[in-house]
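Visitor: The hints should help you fit chain P onto chain F, whose structure is shown.
Chains as they are written, first to last, in the numbering used here: chain F, 1 to 430; chain P, 1001 to 1091.
No lab work stands behind these hints: they were computed from the structure. Some hints could be false.
So these bits of chain P aren't anywhere near chain F, every CB distance computed over 12 Å [said to hold, decoys possible]:
1) G1002
2) G1025
3) T1027
4) G1034
5) R1038
6) D1050
7) G1051
8) P1075
With a cut-off of at most 25 Å between alpha-carbon atoms, the simulated DSS-like pairs for lysine-lysine come out as follows [to be verified]:
9) K1006(P) <-> K300(F)
10) K1006(P) <-> K188(F)
11) K188(F) <-> K300(F)
12) K1006(P) <-> K98(F)
Note that the Cβ used here is the ideal one computed from N, Cα and C, for glycine as well.
Below are the chains, spelled out letter by letter.
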Amino acid sequence: MAVTHLRCRECKAEYPLEALYVCDRCFGPLEVAYDHSALVKDADQLRRRIQAGPQNLWRYADFLPVLDGPPGPSGRLASRTGLPAGCTPLIKADRLAKQLGLREVWVKNDAANPTHSFKDRVVSVATARARELGFKTIACASTGNLANSVAAHGAALGLESYVFIPADLEEQKILATGVYGTNLVAVKGNYDDVNRLCTELSAERDWAFVNVNLRPYYAEGSKTLAYEIAEQLGFELPDRCVVPKASGSLFTKIAKGFEEWRDLGLVDGELPKMNGAQADGCSPIADAFAAGQEVCKPVKPDTIAKSLAIGNPADGPYAIEVARNSGGSIDSVSDDEIRAGIALLAQSTGIFTETAGGVTTATLAKLAARGDIDPDERVVLVITGEGLKTLDAVKGTFETHTIEPTVEQFETQVEQGTASGATALAALGV
Amino acid sequence: MGVTVKIPTQLRSAAGGESETVLDGATVREVLDGLYARYDGLGERLADEDGSLRRFVNVYVSGEDIRFLDGLDTPVSDGAEVTILPAVAGG
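Excised from the complex, chain F in its bound form (with noise of 0.2 Å):
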């Protein structure tokens, strides 16, 4: 395996390949560090030893911090054990194209992943590592997917798990959650309370947290978007992706990964431009952005966006320094604006997301309306979670025709009713 130790982002110190996640000297983050000379003699070789590897994320093992390979006696086998993530459609929206005067946009739905988010790309990832590791037990603090899919992942592979989440999430998620049979703990705060306590539990238990101690291999995870977005492609890149932001850590493993086979000539071209997605009510990586800092100043969040309510965000620094350097930018949009984005999407391409997705598709079309998106560009829409685990979102926002089953009923009530629908344009400004 290519994988060779953990380095600090920050001071460049090197770790073994254990459960840390911080330097010791200066509190920087951790990453994998891999060493990949032995795969860059040819490209095309490469190509079809990933085409040839399993239907999930482990046909990017060589890409991936887990010592063994993938999980399982062999690649494929890989494929039933545990939940496996990743291989999710990619699909050309044309009918959303049209209607933001693009010529090519295509939705990456990360929704198609087994507990319906992206989160099963890290928690797949992390929960490998962590059975390397002889862990026995996973946690996470949760902002609600990541509470499904560890919870899920823990039953699958028959490790205990411990959830933590803000006692406010959405019903649909809390209820996807305990299904599993998880240790399901509902915090009385905010997202940035419930990271703050597993993080202090994490120096006191014995567990795997997915997303403290084990966030270098979790983080890792996120890459298999980038390869996979380019494999659909044929292996080539998009102009830019729009990807929605809470820690900033899915955005910058995103332009890592697309790096990652830039330099290992899988792909050839620009790097895409990165454009990251924020709600106004909790946008601390947008606000830093806008205002030319590095830093970004905590927030207590106040958004419908639930999973990306993170006001405290650990990759902010890094996730303003991928935007600036790719020519992308950081926005933010409306909570009625979030509504109009789900509304968008679904009538357009037939997939309905959850609020992250309203805050993705709105701000694409906001970059659409102001121009900062030339008409020839590919675009990648990164969708990553599933509508029906936000239904609140969108109660109220169409029209049901009530009618007594009659044709006249449906003649007068429907038929000569007014015509709803066509309006999430308008709300967006397009």
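Guide: Chain P only, in chain F's frame:
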């Protein structure tokens, strides 16, 4: 009685293996200065040369991030708890 400072695992080797210590001080700055004076090498890990906290260090007074209070000038009362934690978790 003093102020209890909770020391993160990453710093315990430099703090004689202690997970917490009691210090005097009227503000977070005074308490942290006392911590740096008590244990050699902690100051340079947590703070920049000008004394401000490094960007990946979070400090809490009784559970609240001091950036929502008065930062290093946040007053601390006798019996308060100051928690130092790495900022890179979560998400």
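Visitor: Next step is simple, just say for each hint if it's right about the structure.
Guide: These are the hints, each one checked on the structure:
no.: 1; hint: G1002; result: holds, 21 Å
no.: 2; hint: G1025; result: holds, 21 Å
no.: 3; hint: T1027; result: holds, 20 Å
no.: 4; hint: G1034; result: holds, 20 Å
no.: 5; hint: R1038; result: holds, 18 Å
no.: 6; hint: D1050; result: holds, 14 Å
no.: 7; hint: G1051; result: holds, 16 Å
no.: 8; hint: P1075; result: holds, 20 Å
no.: 9; hint: K1006(P) <-> K300(F); result: holds, 24 Å
no.: 10; hint: K1006(P) <-> K188(F); result: holds, 22 Å
no.: 11; hint: K188(F) <-> K300(F); result: holds, 14 Å
no.: 12; hint: K1006(P) <-> K98(F); result: violated, 56 Å
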